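Engineer: Each chain is listed here by its residues.
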Amino acid sequence: MPDTLTPPTITPVQLDLTVNGRRQRVQADPGARLLDVLRDQMMLTGTKEGCGAGECGTCSVFVDGKLIKSCLMPAAKAQGVAIETVEGLAGMGDLTPVQKAFHKTGASQCGYCIPGMVMAATAALRDNPAADIEEIKERMGGNICRCTGYSKIFEAVEIARDVIAGRLPDTALDPEAVGNSFIGHNTRRMDAPSKVSGRLQYAGDMVMPGMLHLQVLRSPHAHATIVSIDTSEAEACPGVHCVLTCDDVPGKDGFGVFVHDQPVMARGKVRHVGEAVAAVAADSVRAAREAMALIRVEYEALPGLFDPEDALKPGAPVIHDYAADNVVKHIPVRKGDPDRGFAAADLILEDSFSTQQVEHAYLEPEAGIAYVDPDDVVVVISPSQNITHHRHMLSHIIAKPINKVRFIMSPVGGGFGGKEDMIYQGMLALAAMKTGRPVKLVFTREESFAASAKRHPSRTRYRMGLTKDGRITAIEFEMLSDGGAYGMSSEGVMRKAAILSCGPYEIENLKVDTRVVYTNNTPSGAFRTFGGMQAQFATESMMDMAAERLGMDPFEIRRVNMMRAGSRTHTQQTLTSAAIDRVLDAAEAASRWEAGVPNGRGATRGDLDGPGTRKPCTLGARFRAGGAGMVPTVKETS
Amino acid sequence: MKRKLRGRGVAASWYGIARTATIDRAGAWAEIDDGGTAKVVTGVTEIGEGILTVLAQVAAEELGVRPEDVTVGDNDTARSPEAAHAGATRQTYMIGNSVSLASREARGKLFHEIADHWDVPVDQLRAFNGEIWVEATNKRMSMAEAVAICKGRGVVPVGAASFTAHGTGLDPVDGSGSPWQAYVFGTQVAEVEVDTVTGEVQVLGIWAAHDIGRVINPRGVEGQIEGGVVQGLGQALMEEWQTDKGHPVTHGFAKYILPTALDIPEITSVLVEDRDPNSPLGAKGIGEPALVPTAPAIMNAIYDAIGVRMKSLPATPEKVLAALAAKEAAPA
Chain A
5 MPDTLTPPTI TPVQLDLTVN GRRQRVQADP GARLLDVLRD QMMLTGTKEG
55 CGAGECGTCS VFVDGKLIKS CLMPAAKAQG VAIETVEGLA GMGDLTPVQK
105 AFHKTGASQC GYCIPGMVMA ATAALRDNPA ADIEEIKERM GGNICRCTGY
155 SKIFEAVEIA RDVIAGRLPD TALDPEAVGN SFIGHNTRRM DAPSKVSGRL
205 QYAGDMVMPG MLHLQVLRSP HAHATIVSID TSEAEACPGV HCVLTCDDVP
255 GKDGFGVFVH DQPVMARGKV RHVGEAVAAV AADSVRAARE AMALIRVEYE
305 ALPGLFDPED ALKPGAPVIH DYAADNVVKH IPVRKGDPDR GFAAADLILE
355 DSFSTQQVEH AYLEPEAGIA YVDPDDVVVV ISPSQNITHH RHMLSHIIAK
405 PINKVRFIMS PVGGGFGGKE DMIYQGMLAL AAMKTGRPVK LVFTREESFA
455 ASAKRHPSRT RYRMGLTKDG RITAIEFEML SDGGAYGMSS EGVMRKAAIL
505 SCGPYEIENL KVDTRVVYTN NTPSGAFRTF GGMQAQFATE SMMDMAAERL
555 GMDPFEIRRV NMMRAGSRTH TQQTLTSAAI DRVLDAAEAA SRWEAGVPNG
605 RGATRGDLDG PGTRKPCTLG ARFRAGGAGM VPTVKETS
Chain B
5 MKRKLRGRGV AASWYGIART ATIDRAGAWA EIDDGGTAKV VTGVTEIGEG
55 ILTVLAQVAA EELGVRPEDV TVGDNDTARS PEAAHAGATR QTYMIGNSVS
105 LASREARGKL FHEIADHWDV PVDQLRAFNG EIWVEATNKR MSMAEAVAIC
155 KGRGVVPVGA ASFTAHGTGL DPVDGSGSPW QAYVFGTQVA EVEVDTVTGE
205 VQVLGIWAAH DIGRVINPRG VEGQIEGGVV QGLGQALMEE WQTDKGHPVT
255 HGFAKYILPT ALDIPEITSV LVEDRDPNSP LGAKGIGEPA LVPTAPAIMN
305 AIYDAIGVRM KSLPATPEKV LAALAAKEAA PA
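Chains as they are written, first to last, in the numbering used here: chain A, 5 to 642; chain B, 5 to 336.
So that you can see chain A by itself, here it is in the shape it has in the complex:
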């Protein structure tokens, strides 16, 4: 946690250490981590905080030549050590071969994990300059990346290894020559040098003079009435500049992507564990947290809803007054005559499928800074995925015209839909307006998990009718999703799930219903595919089950039913083109697919273990390679 001011009651420890080749003396809070000293006192913000628990690797640095996670090292233990951070790897304006290779291959996407990845890759190649790919993977196994799928990172490390060893010329790191067009050219990413060097500042890296720190008090209850909130003790704490509750909202409270059902801070009741209830702005994070502990909230527990089926039962607790039936949205799609379609079927399959709630797990936790500019414009800097909509909502919430609200989108350290919801920017704006000071908020990982939206968990009931030759005659598709406590993107997710439900196939007769309900679970919202994945998981499972029953190859049954130019979609739109034929052909050819009935024939396949597959993972590559003085601790199994 950034903590720029040390309360007077705490005696700082003096540290003498060498950082990136220069001797430094700092006075550190005895409770500070090495990460805090690097980021907050030395402004070395290339070292990121992703989890604060040693699990993600974004804070990796070298201490006396050994790669460590700086969130786990007490600053007080750094007396006399030599530290190397990502900023120290190359000279100013230069890049190391590892960094250049990351640039070359496109190994950085959002970039938030990348300084840590560069450090881990550097460590791997310092420890064993001849490391093979298995060893590289193992040595980088402590660093999480959520964007890239790691593949371009591995490619970069192998190129860097070979350039450093002289097996590849330095020119292997050069950009690709351009022909007669930049369209279709592997132009290197414009933002990569700033990301591989740690120079790019995300919202959590930014500081402003006079900046206060916001901390948020969150609900410990899933569903409860708020009887009272007493902030008087917190207000009286030294260093506290304001305490916020819903009473501080000057305009019309409420935000959401489709329905504005979520207050900036809980109003009257809480609807999920982790919901914002109050917030404190203070001189330091520590002061804000200490004051927050003194806010007295009296709750009266309400019966909770934790299963979407229960939400639909008569007499179920009501979570939002406007939706007495707990239904956020129902999207119906109808086409043709399903009864007639099923009557014409030779085979009718019925089954059910379910998908789980999934966290976006972007490596950059939510963060932002708000201030009021000299022209009374309320400015919010944050990694918002929708600054246009956020300014509309905030203008209602703070009762100001649109041109007095300004959103600046800071570099987004991963979003995947999870940063479309305005779950903290309202509090930041209110705190800046109330104090007249810039105010910063950085979520902890646990806070990010508890307060941000997830992928909708779903249950789908499926009925599919087919003729003997594999033609689908009718589909009934019914999906129920858990929207959690607030609407967020639920409506749109149901719409997309319904539109895409039955897959890239022309179905003459269908009946599709997608429903999402309120519960007291963590809210669900936008997440890469917006319902499309949950729906098509069911459809694509059914396609294979049907192929098995009908004795068809999975590609074949898909070709029998696929959309073509002129096809009418499930929502009765006529397509002018449909490339499903070409992608089926391409995947079949690339994978050297051996045709056959999908009846559990893996043991007899002849197309396994060929080009395009990796070896199964067996731990121990870094020991087998003879790392100095290391003993194998993991036995291979086969």
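These aren't lab readings, by the way, just hints derived from the structure by calculation.
These numbers were taken from a predicted model, which means no experiment stands behind them.
Take every hint as true, because none was put in to throw you off.
Across the chosen pairs, the derived CB separations fall in these ranges:
#1 B/160 x A/47: 32 to 40 Å
#2 B/7 x A/15: 56 to 64 Å
#3 A/615 x B/152: 48 to 56 Å
#4 B/281 x A/607: 42 to 50 Å
#5 A/471 x B/333: 32 to 40 Å
#6 A/471 x B/281: 28 to 36 Å
#7 B/27 x A/406: 15 to 23 Å
#8 B/177 x A/302: 42 to 50 Å
#9 A/178 x B/149: 26 to 34 Å
#10 A/180 x B/172: 39 to 47 Å
Here are some chain A residues the structure puts well away from chain B; computed CB gaps all over 10 Å:
#11 76
#12 88
#13 130
#14 173
#15 250
#16 320
A short, non-exhaustive set of chain B residues, derived as facing chain A with CB atoms under 8 Å:
#17 48
#18 49
#19 54
#20 79
#21 180
#22 191
#23 197
Note that the Cβ used here is the ideal one computed from N, Cα and C, for glycine as well.
Starting from the known structure of chain A, fit chain B onto it as the hints suggest.
Structural biologist: Same frame as chain A, but now just chain B:
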């Protein structure tokens, strides 16, 4: 039975580009600037997908400059035209086309002045990679010189444009409507190895064929596919946000399990180009669609390997073992 069994599965998919069941729009400004550089202003920034690079490539192509000479900004509601949200697989389609159109307008102003300067018809002018020339002549100069001449004639070469995608809403009763004007399709094949003692599933290979309309940056597209596949793998096998009566159980990365370097299959991307006829670029998108077929392809591969159908995600080792045990117990 052998302990480790392999199998393969396939899944197809489709997806719509840009906002769903509504009209979508995005605006941009472009200027050819001193020194043969360029400025593009649009209200969105990078969320990691590579949009800044795509926009620089598009602007460079249209303006005749180099991508590295293009400055892209400014993600600020008070300083830039509305480009709306960074999501819905809409960045390349909406903003790319908006930048393309704005750049064409700026180029038109420059070309008009240079054609007049050289006394040639404007349709004979070409510009690329920092140079401008007249076809089939030896008239040629740098874009830096061209901008100086244009400005010397009193004209700043600027352009502004808006791009529209004409989606329509759905009928509330039967859902009929045209939610998107551009669709993409994808197919993925997965190869897995299932350990029948531990229940662990390793994904060894993914072949991912996706229609993206037109490829602006091949590596960028591959990066999106690889990232989407690995998120799909996480969804398929390990990730699960769990709560107990609303209380989070999986608080952090120690409990919420994500794919790491050791879980990654070899991924073979195949890029299929079915150009979009309704936009200047012809490109569509790839961000979200890349994830859709991964989990069902893996589930179909697990069935191929061990003959059990995983209908409840994620297919954790515990669930795979339970399904295997149920299969053994079932009457043959």
